[in-house]
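**Q** So you can see what is in the structure, the chains are spelled out below.
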Amino acid sequence: MTFGFKDKKTPSRRQFLTGAAAAGAGAMAAGAAKANGPDPLITEVQYWAQGFGDGVDATPYGLPIEYEADVIRRNVEWLTADTISSINFTPIHALDGTITPQGCAFERHHSGAIELRKEDYRLMINGLVDTPLVFTYADLERFPRENHVYFCECAANTGMEWAGAQLNGAQFTHGMIHNMEYTGVPLRTILEEAGLDAAGDLSDKWVYVEGADASSNGRSIPMEKALDDVLVAFKANGEALRKEHGYPVRLVVPGWEGNMWVKWLRRVEVMDGPVESREETSKYTDTLANGISRKWTWEMDAKSVVTSPSPQSPITHGAGPLVISGLAWSGRGAITRVDVSKDGGKTWETARLAKPGEKMALTRFYLDTEWDGEEMLLQSRAMDETGYVQPTKAELREVRGLNSIYHNNCIQTWWVKASGEAENVEVS
Amino acid sequence: MSKCPKSFVASALIAALAAGPLWAEKLGLGRPALPEEVAAWDLDVSPDGTGLPEGSGDVWTGDELFADYCAVCHGDFAEGVGNWPKLAGGKGTLDHEDPLKTVGSYWPYLSTTWDYVNRSMPFGNAQSLTADEVYAIVAYILYSNDLVDEDFVLSKETFMEVEMPNADGFIVDDRLTAEAHFVRDPCMENCKDNVEITMRARVLDVTPETE
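Those protein sequence lines, which keep their order, are chains P and D.
Mapping of the first sequence onto the UniProt record's numbering: position 332 corresponds to residue 332, and the numbering continues sequentially without gaps.
Mapping of the second sequence onto the UniProt record's numbering: position 12 corresponds to residue 12, and the numbering continues sequentially without gaps.
None of these hints come from the bench; they were simulated from the model.
Among the hints, erroneous ones may be present.
[To be verified] In silico contact screen, one side only, chain D against chain P (beta carbon under 8 angstroms); selected entries:
id, residue
1, Trp41
2, Asp44
3, Ser46
4, Pro99
5, Tyr109
6, Ala201
[What the hints assert, rightly or not] Straight-line C-alpha distance at most 20 angstroms; calculated DMTMM-like pairs for lysine to aspartate or glutamate:
id, chain 1, residue 1, chain 2, residue 2
7, P, Lys225, D, Asp174
8, P, Lys295, D, Glu179
9, P, Lys283, D, Asp98
10, P, Lys225, D, Asp173
11, P, Lys417, D, Glu196
12, D, Lys156, D, Glu54
13, P, Lys295, D, Asp95
14, P, Lys283, D, Asp95
15, D, Lys192, P, Glu349
16, P, Lys346, D, Glu196
17, P, Lys283, D, Asp174
18, P, Lys283, D, Asp173
19, P, Lys295, D, Asp48
20, D, Lys192, P, Glu141
21, D, Lys156, D, Asp132
22, P, Lys235, P, Asp120
23, P, Lys295, D, Glu37
24, D, Lys192, P, Glu395
25, P, Lys243, P, Glu141
26, D, Lys86, P, Asp82
27, P, Lys346, D, Asp193
28, P, Lys295, D, Asp174
29, P, Lys283, D, Asp168
30, P, Lys225, P, Asp197
31, P, Lys417, D, Asp205
32, P, Lys295, D, Asp168
33, D, Lys192, P, Glu398
34, P, Lys346, D, Asp185
35, P, Lys283, D, Asp205
36, D, Lys192, P, Glu375
37, P, Lys283, D, Glu79
38, P, Lys118, D, Glu37
39, D, Lys86, D, Asp98
Since we're looking at a predicted model, the values are computed, not measured.
Yeah, the Cβ is synthetic: ideal placement off N, Cα and C, and Gly gets one too.
The task is simple: from the sequences and hints, build the whole structure.
**A** See below:
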């Protein structure tokens, strides 16, 4: 199979990632084992099979083994003016399953990751409530709690790709996302503790939520959502939130853009209307081609990406059995199906979901296939339970133009070359 | 705080959403917030000016304060330095290829400027400005955007007189109607005649090194 791109330059060595070197070594090792007889890793006693490993007191709280040192958050310097109000990226190209390890789950701050002790933590509920209240952290742990797994996707995830293929790797194009199991108290429970009789008809009421950091990150949320599934969370993936993810308390807003997941949550105000804060006027509004901008684009639409093979995760094993793996998610419900194309969208095969899709949570898909060693234009296309089918970038641009910044849920294409390398491309 | 059992059926909405409450009464957790505490934290200002404190500031006072506290990042004329946000300019560019979105060209409400400057600026030293200083700095930002005259004094009273050029530039999320065509039966076979690569990230070469 060949494709029409004319300017096919030799891959630069600089950008040929570690995987390529590993490919060479792997091929050689396999060849050597065949050519030179018995494998010494088997026939010779190895040190780990003879002496001791580490004692149980060596690592009270462990980090990944050093050989996984590339599975880390990365930032892109040119994206923002400084690293304080900035973003980094989850290494989704190297992860599997759906739960994101907290230590490499992306960060987005507007005035840095603050350090707030549980003892210093206060949560205020005020505004149109019967009794404005102040809670300590200890108070929050005494409310009946729930556990839920949800994705948190930055509204700007894939935003750099609106104008074209820019960043070469799933981590950079799709890594402003994490997926955790949260433990917390429904916001509804806490609002009801303050009493909502004073608010009267709740159907036109809002809550304004803000953090304890200097940026405050204040956002307005309609009461219907606040009373539905919003969680005041204090644990993620079984343990306390990480500092950079809002320790000790953050808001979890299922299916909605990550900006609304206010970290270091300090205040919830019941109001008659939206505040129209900086983060819902200047930012997190989506400008269309005619100059008019959408506001309150809260839900994250159905989206997917092939995480492997991908530019940072090339094919290193040559032709033969190949696992195409990726993630799909939707802010409007559960993923029901993911299709994969190897020819840039001419034909599609339905992939296998590792588990049935859960509402507003990452879903892992696999296509177990046989690679013939030829070029592929790999794509994935998610469907959610509303019947929404993930669109192409061209289809999104038709509606929105090029300047939306946020909410780019287009189909991603990886050009997998005969070498096994992959590159971020756009196709016709 | 009352610890009397309260009914949760105050409205149909609550009744609909509070499916199967786990308990029939409040738990009595937390304590009433004191007025001083609410005043210290509840600083938000709404588009109609609700939340604004007493105070005032004029353009020229704002110019001096801006030079002292803001210009190092935002420029002497609010035009921005380097990669830091531009607060002025960009009028009429929103439908251009590369729109310049500033307080003057984009922000729909003046309340947002006051609220954000008061709560979160200067970057690295937030909540260090008095109400009068915020009024003055906002007045200067308006002047930098040619939205007020040089003798303008911004106050709680004059606040609603200021017209923001892009006040009507926003619509509520219409994806469910404007993008209803994305709910469909997806094509599986012969979906395109031809596929060409039209753009490559590697040619652009702006991805950080991963070594």
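**Q** All hints are to be evaluated individually against the structure, with a verdict given for each.
**A** We went through each hint and held it up to the structure:
A distance limit of 8 angstroms between C-beta atoms decides the matter here; for Trp41 (chain D) the minimum to chain P is near 5 angstroms, and the interface restraint holds. Taken as an interface hint, Asp44 (chain D) checks out: its beta carbon lies about 5 angstroms from the nearest beta carbon of chain P, inside 8 angstroms. Because the beta carbon of Ser46 (chain D) sits about 6 angstroms from the nearest beta carbon in chain P, less than 8 angstroms, this interface hint is met. For Pro99 (chain D), the interface hint holds, since its Cβ comes within 8 angstroms of a Cβ in chain P; the closest pair sits about 6 angstroms apart.
With its C-beta approaching chain P no nearer than about 5 angstroms, Tyr109 (chain D) sits inside the 8 angstroms limit, and its interface hint holds. The interface hint given for Ala201 (chain D) holds, since its Cβ lies 4 angstroms from the closest Cβ of chain P, which is under the 8 angstroms cut-off. Between Lys225 (chain P) and Asp174 (chain D) the alpha-carbon distance is near 18 angstroms, which keeps this suggested pair within the 20 angstroms criterion. With a C-alpha separation of about 15 angstroms, the suggested pair Lys295 (chain P) and Glu179 (chain D) falls inside the 20 angstroms cut-off, and the hint holds.
Proposed proximity of Lys283 (chain P) and Asp98 (chain D) is supported: the alpha carbons are some 16 angstroms apart, at most 20 angstroms. At most 20 angstroms may separate the alpha-carbon atoms for a hinted pair to count; Lys225 (chain P) and Asp173 (chain D) meet this at roughly 15 angstroms. With a C-alpha separation of about 14 angstroms, the suggested pair Lys417 (chain P) and Glu196 (chain D) falls inside the 20 angstroms cut-off, and the hint holds. Our distance criterion of 20 angstroms between C-alpha atoms is met by Lys156 (chain D) and Glu54 (chain D), whose separation comes to about 6 angstroms.
Simply put, Lys295 (chain P) and Asp95 (chain D) have alpha-carbon atoms about 16 angstroms apart, close enough for the 20 angstroms limit, and the pair holds. Restraint check for Lys283 (chain P) and Asp95 (chain D): the C-alpha separation of about 17 angstroms stays at or below 20 angstroms, so the hint holds. Only pairs whose Cα atoms come within 20 angstroms are accepted, and Lys192 (chain D) paired with Glu349 (chain P) is accepted, the gap being roughly 15 angstroms. A distance of roughly 11 angstroms separates the Cα atoms of Lys346 (chain P) and Glu196 (chain D); the hinted pair therefore holds under the 20 angstroms criterion.
For the proposed pair Lys283 (chain P) and Asp174 (chain D), the alpha carbon gap of about 18 angstroms is at most 20 angstroms, so the pair holds. Using a Cα cut-off of 20 angstroms, the hinted pair Lys283 (chain P) and Asp173 (chain D) holds, with the two alpha carbons roughly 14 angstroms apart. With a C-alpha separation of about 18 angstroms, the suggested pair Lys295 (chain P) and Asp48 (chain D) falls inside the 20 angstroms cut-off, and the hint holds. About 56 angstroms separates the Cα atoms of Lys192 (chain D) and Glu141 (chain P), which puts this hinted pair outside 20 angstroms; it is violated.
Distance hint between Lys156 (chain D) and Asp132 (chain D) is fulfilled; the C-alpha atoms sit about 10 angstroms from each other, no more than 20 angstroms. For the proposed pair Lys235 (chain P) and Asp120 (chain P), the alpha carbon gap of about 18 angstroms is at most 20 angstroms, so the pair holds. Of the supplied pair hints, the one linking Lys295 (chain P) and Glu37 (chain D) is violated, its CA atoms being roughly 32 angstroms apart against a limit of 20 angstroms. Only pairs whose Cα atoms come within 20 angstroms are accepted, and Lys192 (chain D) paired with Glu395 (chain P) is accepted, the gap being roughly 14 angstroms.
For the given pair, Lys243 (chain P) sits about 18 angstroms from Glu141 (chain P) by alpha-carbon distance, which is consistent with the 20 angstroms threshold. At most 20 angstroms may separate the alpha-carbon atoms for a hinted pair to count; Lys86 (chain D) and Asp82 (chain P) meet this at roughly 15 angstroms. Annotation: proposed proximity of Lys346 (chain P) to Asp193 (chain D) holds, straight-line Cα distance about 7 angstroms (limit 20 angstroms). The hinted pair formed by Lys295 (chain P) and Asp174 (chain D) meets the criterion: a straight-line CA distance of about 9 angstroms does not exceed 20 angstroms.
Our distance criterion of 20 angstroms between C-alpha atoms is met by Lys283 (chain P) and Asp168 (chain D), whose separation comes to about 16 angstroms. Between Lys225 (chain P) and Asp197 (chain P) the CA atoms are separated by roughly 18 angstroms; this keeps the pair inside 20 angstroms, and the hint holds. Of the pairs offered as hints, the one joining Lys417 (chain P) and Asp205 (chain D) holds, with about 18 angstroms between alpha carbons and a cut-off of 20 angstroms not exceeded. Restraint check for Lys295 (chain P) and Asp168 (chain D): satisfied, since their Cα atoms lie roughly 12 angstroms apart, inside the 20 angstroms limit.
In summary, the hint linking Lys192 (chain D) to Glu398 (chain P) is supported, as the alpha carbons are separated by about 18 angstroms, within the 20 angstroms threshold. For a cut-off of 20 angstroms, the pair hint linking Lys346 (chain P) to Asp185 (chain D) stands: about 15 angstroms separates their Cα positions. Distance restraint check for Lys283 (chain P) and Asp205 (chain D): the Cα-Cα separation of roughly 27 angstroms exceeds the 20 angstroms cut-off, and the hinted pair is therefore not satisfied. Distance restraint check for Lys192 (chain D) and Glu375 (chain P): the Cα-Cα separation of roughly 18 angstroms lies within the 20 angstroms cut-off, and the hinted pair is therefore satisfied.
Between Lys283 (chain P) and Glu79 (chain D) the alpha-carbon distance is near 18 angstroms, which keeps this suggested pair within the 20 angstroms criterion. A distance of roughly 19 angstroms separates the Cα atoms of Lys118 (chain P) and Glu37 (chain D); the hinted pair therefore holds under the 20 angstroms criterion. The hinted pair formed by Lys86 (chain D) and Asp98 (chain D) meets the criterion: a straight-line CA distance of about 14 angstroms does not exceed 20 angstroms.
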